[in-house]
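> Modelling step: build the complete structure from the supplied sequences, incorporating the hints.
Just so we're on the same page, the working numbering is the position in the first sequence counted from 1, plus 1.
Derived by calculation from the structure, the hints in this document are not laboratory data.
Possibly wrong hints are sitting among the right ones.
[Unchecked claim] Derived DEER-like restraints, expressed as beta-carbon distance ranges: (1) Gly399 <-> Gly215: 46 to 54 Å; (2) Thr77 <-> Asn119: 37 to 45 Å; (3) Pro284 <-> Glu200: 16 to 24 Å; (4) Glu122 <-> Pro183: 29 to 37 Å; (5) Gly331 <-> Gly523: 48 to 56 Å; (6) Lys8 <-> Glu122: 32 to 40 Å; (7) Asp537 <-> Pro245: 51 to 59 Å; (8) Asp537 <-> Gln412: 34 to 42 Å; (9) Asp225 <-> His435: 27 to 35 Å; (10) Gln80 <-> Gly215: 22 to 30 Å.
Ideal Cβ placement from N, Cα and C applies to all residues, glycine included.
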Amino acid sequence: MDKHTSKILVTSGLPYANGPIHLGHLVEYIQTDIWVRFQRLRGRDCIFVCGSDAHGTPIMLQAREEGISAEEMVVTYQQEHQRDLGRFMVEFDNFYTTHSEENRELVEEIYHRLTERNLIERRVIEQAYDEEAGMFLPDRFIRGTCPVCGAEDQYGDSCEVCGATYSPGEIRDPKSILSGAPPVLKESEHVFFRLGEFEAMLKNWTANGAVDTGVARKLDEWFDAGLRDWDISRDAPYFGFQIPDTEDKFFYVWLDAPVGYLASFKNLCDSRTDLNFEEYFEPGSQTELYHFIGKDIIYFHALFWPAVLEGAKYRLPTAIFAHGFLTVNGQKMSKSRGTFISAAAYLEHLDPEYLRYYYAVKLGSGIEDIDLNLDDFVARTNSDLVGKLVNIASRCAGFISKNFDGRLSDQLENPALQEEFVNAAVSIEACYEHRQYSKATREIMKLADRANQYIDERKPWVLARNEKTAAEVQNVCTQGLNLFRVLMIYLKPVLPELAKKTEEFLGIDALSWADLAEPVLGRSIQPYRPMMLRVDDKAVSALVEALQEPA
RNA sequence: GGUGAUGUAGCUCAGUUGGUUAGAGCGGCGGACUCAUAACCCGCAGGUCGGUGGUUCAAAUCCACCCAUCACCA
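As structure tokens, this is what we get:
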């Protein structure tokens, strides 16, 4: 398989359809989008799908509380998610939903295949039940006193005070958060997936490049403990897909959520003649499949999901890319602290490209958390993007417009310097490929410094004053603008809008990686207009203030 | 409680397989310039690398324990 010609399918985690997109979500969508745009910029065939995660108890109950149907709520959030992500220039080929016919069919198909291969088993389990609400209770819906440290009002599965984990049967004085009634134990038949059958396959898969080493080490915990069967069913009432051959059993949301990747892609295939679902998902497919996810859902994607795919005779993901969480000013995002920033709230005050750049500057390939420090955000964006990058174009363009009728010269003043900039592509390309955007942007900004130094050395404003040297100004500024153009090719995955403005300014076609080879010479450019405005720290203050007002 | 990740200058981060006086950007201070969105250029000052102990001729880098933060525990 030639790694550089095969087709790529990429997914981001599906946002849960019970709340708005916030800046934490955006770490992942921006990370993925940059990677996808980079692949496309290099000319690779790369499809990017996503959608809303629609099922489960929280959505069912929230819809009930709001007096609307779950279906209605899910559609509303799906549209909102799509809108907000689009405004951040996240360029999906399709944004769908897990509550779709495609997903139902795929989930049922997978279930049938698993059943045929004897990978499904039923057995009766005991579970907490709320007699007043008339439903089984997820662990999170039970609160009580921690059996370890005695802290009151703790979740049914873990204590936030002492960190202990336990089963809901162990908690003292348990109460349902739905009705307040003490839960009773009740038997119910559940459907299990025989995960243990896949231990050898999973160990092999994770050890051979599907996950990074840090993630692999974490997964060893599961392998060491031994893989247990996975409960893939939930009792009614539940918002999800009913399990065939049952009256009141539904597929657990975490079974159908990743299948949603396939469903979204299937939905896309059905609307296009150039895409073939089987080519991407049949066993031994020559295409590449990547899932970008948060570190919190590694288990589902690196254990359950590949096992389900293998069991149902689909191809395995090529790799799982996990990232860390977002903190704001060094702390967890929190509504009470006024640091819970929704995508929509951000957009009322600030340009999405600022955030895309800031995240790029912070993102590496690992699962460390990244911090959005608002003061640093303002300083970094203004310094890098306006002070250094755009400044290159800004300081060269005036001379070309005023002294040379907007025309670039036919040659570069310093071809060696141009070559130095173009040669950086090898390293920058590798950084993007390995999701080391922080390293990529560091290298690019170093080049931006170099470009400003060059202009400072050649001093076109001095050359322009002397009749003998006035002609050199055109060459120097043409050089400067070509250096800028190279930098904009490198940054196009991160800053698509700025790249577009650059294309308009230079009067050229859409930039791609291949355009590094030839400089733009001997043509007319547009008069320069500011391409990016400085971040006003008052806008940031206004955003923060707006968040602190009680909604 | 268990597992994994993280903890380096005021801020945000780099530091390859342990090896000369620990680096960058921003901020601060000083200088220069005036083409540029008070931008850019040159220079300076800032750190006992979370803590303790250990291995080594030599550790931010390896080992042990501890502390803090984040995540997960089907």
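> Now, for every hint given, state plainly whether the structure supports it.
Each hint, compared with the structure:
1. Distance hint check: the CB atoms of Gly399 and Gly215 are about 49 Å apart, consistent with the given range 46 to 54 Å.
2. Our hint of 37 to 45 Å for Thr77 and Asn119 holds, since their Cβ atoms are close to 41 Å apart.
3. Between Pro284 and Glu200 the C-beta distance comes to about 19 Å, which sits within the given range of 16 to 24 Å.
4. For Glu122 and Pro183, the hinted distance range of 29 to 37 Å is satisfied, since their beta carbons lie about 31 Å from each other.
5. In this structure the hint that Gly331 and Gly523 lie 48 to 56 Å apart at CB holds, the actual value being about 52 Å.
6. Roughly 37 Å separates the CB atoms of Lys8 and Glu122, a value that falls within the hinted 32 to 40 Å.
7. For Asp537 and Pro245, the hinted distance range of 51 to 59 Å is satisfied, since their beta carbons lie about 58 Å from each other.
8. In this structure, Asp537 and Gln412 meet the distance hint of 34 to 42 Å, their C-beta atoms being roughly 40 Å apart.
9. One distance hint, 27 to 35 Å for the beta-carbon pair Asp225 and His435, holds here, with the actual separation near 29 Å.
10. Between Gln80 and Gly215 the CB atoms are about 36 Å apart, so this pair departs from the stated range of 22 to 30 Å.
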